[in-house]
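Student: Construct the entire structure; sequences and hints are all you get.
Protein chains in written order, with the numbering used here: chain X, 1 to 365; chain V, 1001 to 1373; chain C, 2001 to 2309.
Be a bit skeptical, because a hint or two may be false.
Said to hold, decoys possible - What follows is a list of derived Cβ distance ranges for each label pair:
#1 X:GLY279 / C:LEU2092: 25 to 31 Å
#2 X:MET196 / C:LEU2245: 27 to 33 Å
#3 X:PRO41 / V:GLY1069: 30 to 36 Å
#4 X:PRO113 / V:LYS1132: 28 to 34 Å
#5 C:PRO2013 / X:PRO113: 52 to 58 Å
#6 X:ARG346 / C:PRO2013: 56 to 62 Å
Because the hints were derived from the structure by calculation, they are not lab data. Cβ atoms here follow ideal geometry from the backbone N, Cα and C, with glycine treated the same way.
Okay, here's what each chain looks like letter by letter:
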Amino acid sequence: MRIVAKMATGGPVEVLLVPLIAILASALLFAGFVALAGVNPLEVYALMYKGAFGTWFSLQNTLQRAAPLLLTALCTALPAQMGMVIIGAEGALVMGGLVAVAAGLPLVGMGAPVFLTQLVMALAGMIAGGLFVALAGALRHWRGVNETIASLLLSYIAIAVMNQMVEGPMRDPASLNKPSTGAIGDVYMIGTIPGMDVHWGLVFGLIFCVLTWLLMFHTSFGFAARIVGGNARTAKLVGLPVGFLVLAVTFLGGAAAGLAGMVEVAAVQGRANASLVAGYGTGGILVAFLARQNPIAVIPVAVLLGGIAASGGLLQRRLDLPDATVLVLQGILFVVLLASEMLYGRLAVPRLSLASFLRLRPQRS
Amino acid sequence: MTSSAINRRSLLKGATAFGIGGALSSGLRFGTARAATLTIGFIYVGPRDDYGYNQSHAEGAAAVKKMAGVKVVEEEKVPETIDVEKTMESMINLDGASLLFPTSFGYYDPHILKLAPKYKDVTFLHCGGLWKEGGPANVGSYFGYIDEAQYLSGIVAAYTSKTKKMGFVAAKPIPQVLRNINSFTLGARSVDPTITTQVIFTGDWSMPVKEAEATNSLADQGIDVITCHVDSPKVLVETAETRGMFVCGYHASQAALAPKGYLTGAEWNWEKVYTDYVTMIQKGEKVPNMLRGGLKEGIVKRSAYGAPVSDEARKHADSVYDKFMAGDFVIYKGPIKSNTGKMVIDSGVSQGQTDIALESMDYLVEGVVGSTS
Amino acid sequence: MATPEAIGWVGVPLAVIAGAIRVSTPFLFVSLGECLTERSGRINLGLEGTLVMGAMSGYGVAWLSGSLWLGVLAAGVVGSLFGLLHGVLCSLPKVNDIALGIALMMLGTGLAFFLGKPLIQPAVENLPSINFGWWSDIPQVQEALKINPLFIVGIILAPAMMWAFRNTRWGLIVRMVGDSADAARAMGYNANTVRVLATVAGGFLAGIGGSFLSLYYPGSWNEGLSSGQGITAVALVIFARWNPLYCLYASLLFGGAGALGPALQAVGVTQGYYLFNAAPYILTLIIMVASSSSRRRLAGAPAELSVTR
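Tutor: Listed below in structure tokens is the structure:
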């Protein structure tokens, strides 16, 4: 697959201009759509702005919703650097959450120090999610199984396993009408960022994005991985350990989603249950593609989509638009952005190297 | 391109349907306008016209909308994650809501418990009956003993069944569901102790294909009366009607979907509960932290009898209904054995509806075919 | 009212067979459609969205027009429009078919949920079925053999497609384009045009598959209607080795596997229903792992197909 190889082209102006054109085009299409539904598009956009960024509450709402997307997007974006399309972030998140609880509860029972427990939970979640996605990577590399479909099927299976565990062996008998594992308790929850009503998952996500961006674009490891993504045969010819690279990168992607699962447990739910399946994995796929699989570009895109999600409720309540309005907008955005790929190299703009631009400073969009 | 034209038509049709509520909230008013009108937020976990759980609540909200001096805002398909916290806060901060009805069971812990101390002047009324002594003062929890209506359904089912085998399609083996299965079975077995109820758990609250498959499997096993505890009984009721089974409804009335086979059903009566609550708040009365009740308190009701229900069945069910209304009927009166042969309620012990022991039910009574895990 | 006798454990294989007949049709249509598309060298992962769109529009049109078969046709037309969108956008330079498929999955689902809101309540009659069980006295068998015409169409379509791939000019062109766009160009055929047409036809079939869900089984429109049948059917094509006849067998297998969980519970096997529900996914994965190899391309795989490279 050639997704990554294609991204190397295009100058810095193009890199900003093309998505801008695509976003504008999507906005116009969506405006037409809501107008057909009998709603004034300007009113829709005004509300969306209010709901996403217009007040301090809205902004926090947006950042909160962006937090899990930062992590789940990496589950797609990192393997994509190697030319793999992984869509199993939902399963990795669920596995991460479940295993984090399994690792945390005994420590909580022993009264272990809070920080240690949280650290163990985070590591357990990352390892679980990482192994889960690495499995799809391994199947791809050693058995030639298509990783897109394998990761999706694995995701369904992971959700079934989680349900079975939560209602069977791991069920807390006291969780009566909503079967759940035992709760880790308020003391062990990771809480919110000081001064904000946003949990620490946001910071974890930002750190993960920056670190993996550095790893993929500023180390020889990342360079080697991207060579595999460009052309696996060449990579083998020059003696790169392709199998190791595949496992390592898919593991990293899965670890990000697994950490998102741990955050869901340790910052939101306090326990593992069916609420872990909340569509963050699917949202992450969208973010990754819109960010053109670049870990640093994931940050603004996740905030944008977090904002769309945050404003969805307001559209329902004020304009009586259905909840699926947000889905429609996301769908349009996704399709148009992919179609806009064709514009790269075709706009009459000065061209510099994308790579050199990205290395100088974080992308702004 | 005929199809796109038709789509647009249905789209516009939809838009007008939604427009009914939209008139209330047009314009961009922000900030808190709590003085004259009471702003009330309703939050649903699924689509609000699902012929089931969410619809029953939305019908309650519709009744509240008709009251004077209120403004209602609604949001559907809100998952039991941080989303619901943000939805509640958004209703409070951006819509000025001072009364919230988060209607899904899973919204309570941790989400409502987290927000209630933060917004002390907002009243949270949660459906599920989870409030405990020492809980936040501005939180109320309510739930209905809908199994009373299930018991009545069981009686009617027993009279109507020819094979003496009942079917029950349920989502998950949780206490609320088990209680409904058990009450239905006890009702049926009060008429004929040879009756059995076969249970199928689908694993989740809304799984249309699985529910249809379960209904068909039950029909193949000679079961001729079926009922359910899933979020949207529409598919089950329609499939049962196609298979020529009798069916007892749940959550809301599905009588229109099965004109031949619909017997009766266990329904919520949130219209009454919600309008009562709002009246209380408008009058400035203190809202109780815990509100529970069954048929007598008007929190649940039953569907009107369908054509196949015999006079004998009606008479029997009505006599028990009268006892419920008088408040002197106990479903869980020992001796009751579980289907594994264990004595779960000893002879001479009587667990009334408010008995806390029933809240953590983990057994299926004798006569139910199925297991709790 | 029929009062069938209980048939106990015999009910399990019967339910699996009946389930295979009832549940397999959407799998069959989507997988045949996808098979056609993939044979031309493109993969359309968006058929899940097409399926849901088909289910919604079929139900809506049937409700508004009062004609069930018009609903089925409309579902097909909507499906082919989605196919057209996928086909045309993929023909643009640098547009990736896998990614676009995922995007169309989201768009299709979103549009269907949005437009389908007013359709959750109305009850529309179901498509008729033909009774092939007249010879049996057992009501369960009679019931199992009430067969929807769409299923029969699917059963005929599978070998017909197989035959067409081998023996007709169009079949050969599709396969040639799928195996080598350059060779096709040399012969004077435009690969993109062929692929667009194959994707449109595939979308048509997937749309029809969706209408089966809403108009026959389970037979009403709601947002939980498809639990990933569309995407599973796409996976199914791979282990059916791009062979329409194997698609038929695989679809039947899937339908049967889906009926296993409830059927086992109906006779008293009550443990582990989540795992039984996941059986179709586990099955697909196992077969995919068993039948793939890292060294050679999958037998029967179109060489131009991105998923097999």
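Student: Run every hint past the structure and note whether it holds.
Tutor: Consistency of the hints with the structure:
| no. | hint | verdict |
| --- | --- | --- |
| 1 | X:GLY279 / C:LEU2092: 25 to 31 Å | holds (29 Å) |
| 2 | X:MET196 / C:LEU2245: 27 to 33 Å | violated (60 Å) |
| 3 | X:PRO41 / V:GLY1069: 30 to 36 Å | holds (33 Å) |
| 4 | X:PRO113 / V:LYS1132: 28 to 34 Å | holds (30 Å) |
| 5 | C:PRO2013 / X:PRO113: 52 to 58 Å | holds (57 Å) |
| 6 | X:ARG346 / C:PRO2013: 56 to 62 Å | holds (60 Å) |
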